[in-house]
Amino acid sequence: MAAAAATVPTRRRRSRRPRTASSVVAGVLRYTALTAATVLFLIPFYLIVRNSLSLDTEITSPTWTFFPATVHWENFRELFTDPVVNIIRSLINSAVIAVVQTAGQLLLASMAGYGLARIPYRYATPIFYAILVTLMVPPAVTFIPSFILVSELRWVDTLQGIIVPVMFSGFTAFLFRQYFLNFPRELEDAARVDGLGYFGAYWRDRGSQLGCLLRSDRRDHVHRQLERVPVATGHRPRPVDVDGAGLTVDSADCPDDQPARAVPGFGGDDRAAGARVRLSAALPRAGRGRDRDQGVTADPSAGCTRSHSS
Amino acid sequence: VAAVRPRRRQRGVAATFWLFVGPFVLGLGLFVYVPIIWSVVLSFSRAQNTVTPGDWVGLQNYVDLLKPGPLLNSLGTFAVFAALIVPVTFVLALALALILNRVTVFRAFFRSVFFLPTACSYVVASLVWKLSIFNGVRFGLANTVLGWFGVENVAWLATTTPPWYWLVIVTARLWLQLDFYMILFLAGLQRISPELYEAAEVDGAKKGWQTMWNITFPQLRSTSVAVLLLLFIAAHQAFDEFFNLLGNSSFARPPLVYLYYTAQGNQDYGHGSAGAVILALLIVVVTLGRGKLLGFGKAS
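Keeping their order, the protein sequence lines are chains V and Y.
Taking my numbering, the leading residue of the first sequence gets 1, the next gets one more, and so forth.
Taking my numbering, the leading residue of the second sequence gets 1, the next gets one more, and so forth.
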């Protein structure tokens with residue numbers, strides 16, 4: 001175990017402990033608990049597989065069969081040829097809904113989030129609050145009138161009837177707004193000076209975000225993304241700080257000019273460092289001036305160090 | 001010229017703003033705001049088999065619902081459900097995260113195993129639970145295993161004394177949601193600075209319980225609060241497993257299932273909308289009160 005631990009580098013440096021009897025016992029206990037939990041968690045999957053390969057009589061037999069004596073693959077064939085259950089169509093529907101809905105939601109919400117965070121329009125804050133209010137309303141409140149609305153549009157029993165109403169997610173727009181608020185403004189201002197319009201800046205910002213998400217430490221890919229799940233709120237009285245990359249659940253506490261406080265270490269730091277690296281890489285002259293001013297510590301080991309050569 | 005330029009720029013800013021935000025706001029207005037307002041208006045009318053408001057009854061729908069009856073019962077069901085699922089998920093997710101955080105070998109494997117149920121839907125899980133695990137007759141897994149020890153068949157979903165259906169419902173949801181909260185805790189654990197542990201060691205804190213109690217748990221405070229709140233809201237909106245496992249049973253019907261049967265089953269949209277408004281207000285109260293109750297967002 002010690003040898004394996006040495007070959008699997010952990011992110012955190014731990015002090016080397018001598019292997020005492022109690023640490024061995026603790027390790028054994030840990031793995032026993034994990035194995036037990038694993039077995040319990042896999043039981044439903046085992047049942048799904050077992051049932052799918054059995055005959056009805058085998059499933060309902062009072063004597064438990066752990067696995068069918070003869071494997072009935074034809075269950076699957078029958079599923080695909082059953083005239084009543086058009087499963088191919090269902091799978092296509094799912095795929096279309098998932099892809100179109102996600103893409104539409106991302107596009108609409110990221111544009112709205114960018115506009116709310118970055119364009120100094122007089123009524124941006126009231127509009128943002130109007131979007132926030134919708135987060136508090138549970139879907140149960142709206143499902144009857146939504147149905148009526150969809151039927152008025154003659155969209156009942158169509159794909160767009162499922163896809164379009166869900167595309168306008170206040171939560172997604174809110175997340176994007178928080179993201180763009182925490183995106184280092186200097187970088188964008190520099191881009192504007194270089195002649196990029198709002199759209200150009202929006203596109204670059206978005207691109208870098210995706211790059212960060214995709215390139216951030218691959219070992220912990222899912223985990224890192226989930227670190228960006230919003231979990232806390234608070235105030236940060238200072239102006240925008242590149243270290244602040246936290247998101248908030250409820251930014252009613254968080255007026256427009258005060259970005260959400262980063263939950264320390266919840267995402268953020270690495271991304272900010274990456275952005276700093278970009279800053280100096282993309283802007284050779286101005287960037288160096290900034291480096292001196294802020295004492296930039298570009299840590300190349302931090303998550304997103306993509307340098308963006310334009 | 002100097003006076004014209006700012007105004008023109010302001011107009012340009014407005015145009016750009018609406019170019020970005022306009023499509024979203026338009027859709028949000030049509031597909032979210034119109035239904036919300038419609039629902040509120042409808043809650044003040046008698047709307048049996050119709051969704052056109054007009055037969056005004058004032059607050060009668062609300063009065064009907066707040067009398068002792070099915071809506072209050074459903075809130076009681078929610079309270080019991082939350083009292084079961086919230087602590088169980090919280091403790092198990094924290095324990096698993098603590099263990100996984102200390103494990104180096106097969107770590108990715110264990111994480112994948114706990115992640116797998118996330119890919120399952122509540123409908124699939126409910127089917128497996130109802131048909132194959134907690135089936136009331138001998139061919140269910142639970143009764144089979146109990147049978148080896150000579151225990152009689154238990155009618156898991158059909159008996160209220162004792163209320164075994166809670167075991168079925170809580171385990172189904174636990175299986176589906178545990179991973180998400182475990183990952184939140186793992187993220188919280190990994191952001192605790194190692195210097196804190198080193199400092200504790202220098203100060204003579206013993207490894208294990210003492211360190212955990214004085215460093216790990218205080219550092220997990222904000223994560224814990226968030227997990228509790230998310231668990232609570234998720235329990236409030238529970239629908240699928242109750243709907244699929246118990247249907248319209250009178251003994252365990254959470255608020256959303258009750259509303260569903262009122263509105264879709266009885267076509268009583270007036271009462272349905274009034275109930276929905278009450279639930280929305282409850283959520284708002286909880287959300288606004290959470291700052292005081294849980295210290296959410298307090299400077300640490």
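Please note that a few of the clues may not be correct.
To be verified - To give a feel for the contact side, a few chain Y residues facing chain V, derived at Cβ under 10 Å:
no., residue
1, V25
2, V40
3, V103
4, L141
5, V151
6, V154
7, L157
8, Q237
For the record, the hints were derived by calculation from the structure and aren't laboratory data.
Just so we're clear, the structure is a prediction, and the values are computed from it rather than from any experiment.
The C-beta atom is built at its ideal place from N, Cα and C for all residues, glycine as well.
The hints, checked one at a time:
1. V25: For V25/Y, the interface hint holds, since the closest Cβ of chain V sits about 7 Å away, which is under 10 Å.
2. V40: With a closest approach of 8 Å, the V40/Y hint holds.
3. V103: holds, 6 Å
4. L141: holds, 7 Å
5. V151: With Cβ-Cβ at 15 Å, over 10 Å, it is violated.
6. V154: Hint on V154/Y: violated, closest Cβ of chain V at ~15 Å, above 10 Å.
7. L157: It is violated, given that the least Cβ distance between L157/Y and chain V is near 17 Å, above 10 Å.
8. Q237: Since the shortest Cβ distance to chain V is 6 Å, the answer is holds.
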